[in-house]
Amino acid sequence: DAKTTQPPSMDCAEGRAANLPCNHSTISGNEYVYWYRQIHSQGPQYIIHGLKNNETNEMASLIITEDRKSSTLILPHATLRDTAVYYCIVRFPGTYKYIFGTGTRLKVLA
Amino acid sequence: DTGVSQNPRHKITKRGQNVTFRCDPISEHNRLYWYRQTLGQGPEFLTYFQNEAQLEKSRLLSDRFSAERPKGSFSTLEIQRTEQGDSAMYLCASSHRERSYEQYFGPGTRLTVT
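Just so you know, the protein sequences line up as chains A and B, in that order. Numbered per our numbering, the first sequence spans residues 28 to 137. Numbered per our numbering, the second sequence spans residues 1224 to 1337.
It is possible that part of the hints are untrue.
To be verified - SDA-like, lysine to any residue: derived pairs with alpha carbons at most 25 angstroms apart: (1) B:1280 x A:90; (2) A:30 x B:1241; (3) B:1234 x B:1288.
Unchecked claim - Taking CB as the label site, the calculated pair distances span: (4) A:67 x B:1230: 48 to 54 angstroms; (5) A:52 x B:1295: 36 to 42 angstroms; (6) A:122 x B:1291: 18 to 24 angstroms; (7) A:120 x B:1306: 28 to 34 angstroms; (8) A:81 x B:1322: 19 to 25 angstroms.
What the hints assert, rightly or not - Over 10 angstroms on every C-beta distance to chain A, these chain B residues come out as not near it, computed from the model: (9) 1239; (10) 1243; (11) 1281; (12) 1287; (13) 1290; (14) 1296; (15) 1325.
I should point out that these hints are in silico values taken from the structure, not numbers from a laboratory. The beta carbon of each residue, even a glycine, is placed where N, CA and C say it ideally should be.
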């Protein structure tokens, strides 16, 4: 059964790197891992996705373990505006059904 | 590009009534999703459209729930005979065929069933 597991909450000092882990041990071989975040009272926002190689864009970096059973989202220099719930997402294999899980509530502290 | 819009933003209804929500996706986005989100939980997939075809439907979408996207543009989600357990935020998202990994979410419709 496709699912992800994330710590419920994390704190990070402003200006420091925020490292958000995710376990997706049941992911199938050709399914991507997606990361979105949801700032209070808004819809989720796409951050990054990856299959097996590490990925980087203007928002974040994504490190995926070689066995693909877990990944880490890295916000290199967290700001107060990065305070949000971060979701690690997978799809049911062969479907368009995205599984969000309960996410990690990241609080960036001044 | 005005983003995904949803109407109404808030809906309060009495148990047993029918409600209909509308989603206007970003133009040129052929993929459209509906999700439901309750307090403290992540969004829960309800259904997926590619153009006007409904290609995926969650088992959560009981007989009381129906969704349409008649011309491959806007979509409606109807809930018949609402129950208190239907109270939630209903989110719509759209994505372009060439960037299907990036869903753009609307602000949601908050439903309260009294």
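Going down the list of hints, with the structure as the test:
no.: 1; hint: B:1280 x A:90; verdict: 32 angstroms, violated
no.: 2; hint: A:30 x B:1241; verdict: 33 angstroms, violated
no.: 3; hint: B:1234 x B:1288; verdict: 16 angstroms, holds
no.: 4; hint: A:67 x B:1230: 48 to 54 angstroms; verdict: 21 angstroms, violated
no.: 5; hint: A:52 x B:1295: 36 to 42 angstroms; verdict: 38 angstroms, holds
no.: 6; hint: A:122 x B:1291: 18 to 24 angstroms; verdict: 20 angstroms, holds
no.: 7; hint: A:120 x B:1306: 28 to 34 angstroms; verdict: 32 angstroms, holds
no.: 8; hint: A:81 x B:1322: 19 to 25 angstroms; verdict: 20 angstroms, holds
no.: 9; hint: 1239; verdict: 29 angstroms, holds
no.: 10; hint: 1243; verdict: 20 angstroms, holds
no.: 11; hint: 1281; verdict: 7 angstroms, violated
no.: 12; hint: 1287; verdict: 20 angstroms, holds
no.: 13; hint: 1290; verdict: 13 angstroms, holds
no.: 14; hint: 1296; verdict: 19 angstroms, holds
no.: 15; hint: 1325; verdict: 4 angstroms, violated
Consistency note: the structure conflicts with the earlier hints numbered 1, 2, 4, 11 and 15.
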